[in-house]
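Undergrad: Now for the letters of each chain:
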Amino acid sequence: MAANKQKEGERVFKEQEKINAELFTLTYGAIVSQLIKDYEDIEEVNTQLEKMGYNIGLRLIDEFLARSNVGRCHEFPETAETIAKVGFKMFLGVVGSVLPNSWNAERTEFSLILEENPLVDFCELPDNYSSLNYCNIICGVIRGALEMVQMRVECRITKSVLRGDDVTEFKITLKERLTDDIPMGDD
Amino acid sequence: MAANTLMFIIVGKNDTPLYEADFIPVQKKDASQLQLCQFVLHSSLDIVDEMVWKNNSMFLKAVDRFGDMIVSAFVTANHVRFLLLHDFRSEDGIKNFFTEVYELYLKVVLNPFYSYNSPITSTVFDNRVRGLAKRFLS
Chain X
1037 MAANKQKEGE RVFKEQEKIN AELFTLTYGA IVSQLIKDYE DIEEVNTQLE
1087 KMGYNIGLRL IDEFLARSNV GRCHEFPETA ETIAKVGFKM FLGVVGSVLP
1137 NSWNAERTEF SLILEENPLV DFCELPDNYS SLNYCNIICG VIRGALEMVQ
1187 MRVECRITKS VLRGDDVTEF KITLKERLTD DIPMGDD
Chain P
23 MAANTLMFII VGKNDTPLYE ADFIPVQKKD ASQLQLCQFV LHSSLDIVDE
73 MVWKNNSMFL KAVDRFGDMI VSAFVTANHV RFLLLHDFRS EDGIKNFFTE
123 VYELYLKVVL NPFYSYNSPI TSTVFDNRVR GLAKRFLS
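Protein chains in written order, with the working numbering: chain X, 1037 to 1223; chain P, 23 to 160.
Treat the hints as calculated values from the structure; they're not laboratory data.
All of these numbers come straight from a predicted model, not from anything done at the bench.
Positions of the beta carbon are idealized from the N, C-alpha and C atoms, including for glycine.
Any given hint could turn out to be false.
Distance condition first, Cα-Cα at most 30 Å in a straight line; then the derived DSBU-like pairs of lysine-lysine [said to hold, decoys possible]: (1) Lys-117/P <-> Lys-76/P; (2) Lys-1211/X <-> Lys-1195/X; (3) Lys-1054/X <-> Lys-129/P; (4) Lys-1073/X <-> Lys-117/P; (5) Lys-35/P <-> Lys-1073/X; (6) Lys-1195/X <-> Lys-129/P; (7) Lys-76/P <-> Lys-35/P.
Far from chain X, by Cβ distances over 12 Å, these chain P residues were calculated [unchecked claim]: (8) Lys-35; (9) Lys-83; (10) Asp-86; (11) Leu-132; (12) Asn-133; (13) Ser-137.
Excised from the complex, chain X in its bound form (with noise of 0.2 Å):
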């Protein structure tokens, strides 16, 4: 299945349109420090780029079911895999990978790993910054594309590389399925 999905991302990601990855690294370091000069508060500019990324997800998700070929996914973990296959490959251009053995026993929650992020190239955190998730933008993106896709969950960043460790990791936890409640009408 992680085969079919690792082509699936290769072909969408060949026909995409790309810009230039320094100009996207740049341009989103200057949207983090503009906030952080507007807002001074770390938690709050965490929650607004959480909160940007929501926005984004919404709309993004219409863009990657209607350029890719993948159909309904029947349970969480095919779920799990197309966002790091396709998904990522297809916005982002980098491949990542969910870590077997994060599953938990009722495989609602998973960790995904990014090797490379073109987000964080030439950014270093300075001291008092510590506590700045920069890539929350990516938790809110995850979250408004599967609430979408009829799926509550909470992502949140557990590895980073501008703290020190080798990768980017976020942990994906399912809270609830959504169903479409029927508005009361006249019947």
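Assemble the complex: chain X is given as a structure, and chain P must be docked to it using the hints.
TA: Just chain P, lined up with the frame of chain X:
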């Protein structure tokens, strides 16, 4: 003759010092020696500024002498100056050192949290510069 590098500084626009590294061996180190090195380097800034317009490349080789110490300079496109105080003559080594430090400096500048023309306080940068100095300058 002992090949010695004494000091390396990076000076930004408006002559603000951005980074300083001294390589004086511990036995000979004392406050007056440090101050002398700083003084020599800063006084050569005027000469560097003159030579910038006469020279086409970024590497300005030896711009000034003081006793038996030579000051070599490297100026980037936006007038950030790297100055090296030394008492030996290995131009290739110095040129390579400057080029490599230039690459490191570029990475620092690309950091979104570094405000341009502010002091470079990163320990990673410091360690790497010292590593390069060992490699190219001894």
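Undergrad: Now, for every hint given, state plainly whether the structure supports it.
TA: Hint check results:
no. : hint                      : verdict
1   : Lys-117/P <-> Lys-76/P    : holds, 18 Å
2   : Lys-1211/X <-> Lys-1195/X : holds, 21 Å
3   : Lys-1054/X <-> Lys-129/P  : holds, 23 Å
4   : Lys-1073/X <-> Lys-117/P  : violated, 39 Å
5   : Lys-35/P <-> Lys-1073/X   : holds, 24 Å
6   : Lys-1195/X <-> Lys-129/P  : holds, 23 Å
7   : Lys-76/P <-> Lys-35/P     : holds, 19 Å
8   : Lys-35                    : holds, 20 Å
9   : Lys-83                    : holds, 30 Å
10  : Asp-86                    : holds, 33 Å
11  : Leu-132                   : violated, 4 Å
12  : Asn-133                   : violated, 5 Å
13  : Ser-137                   : violated, 9 Å
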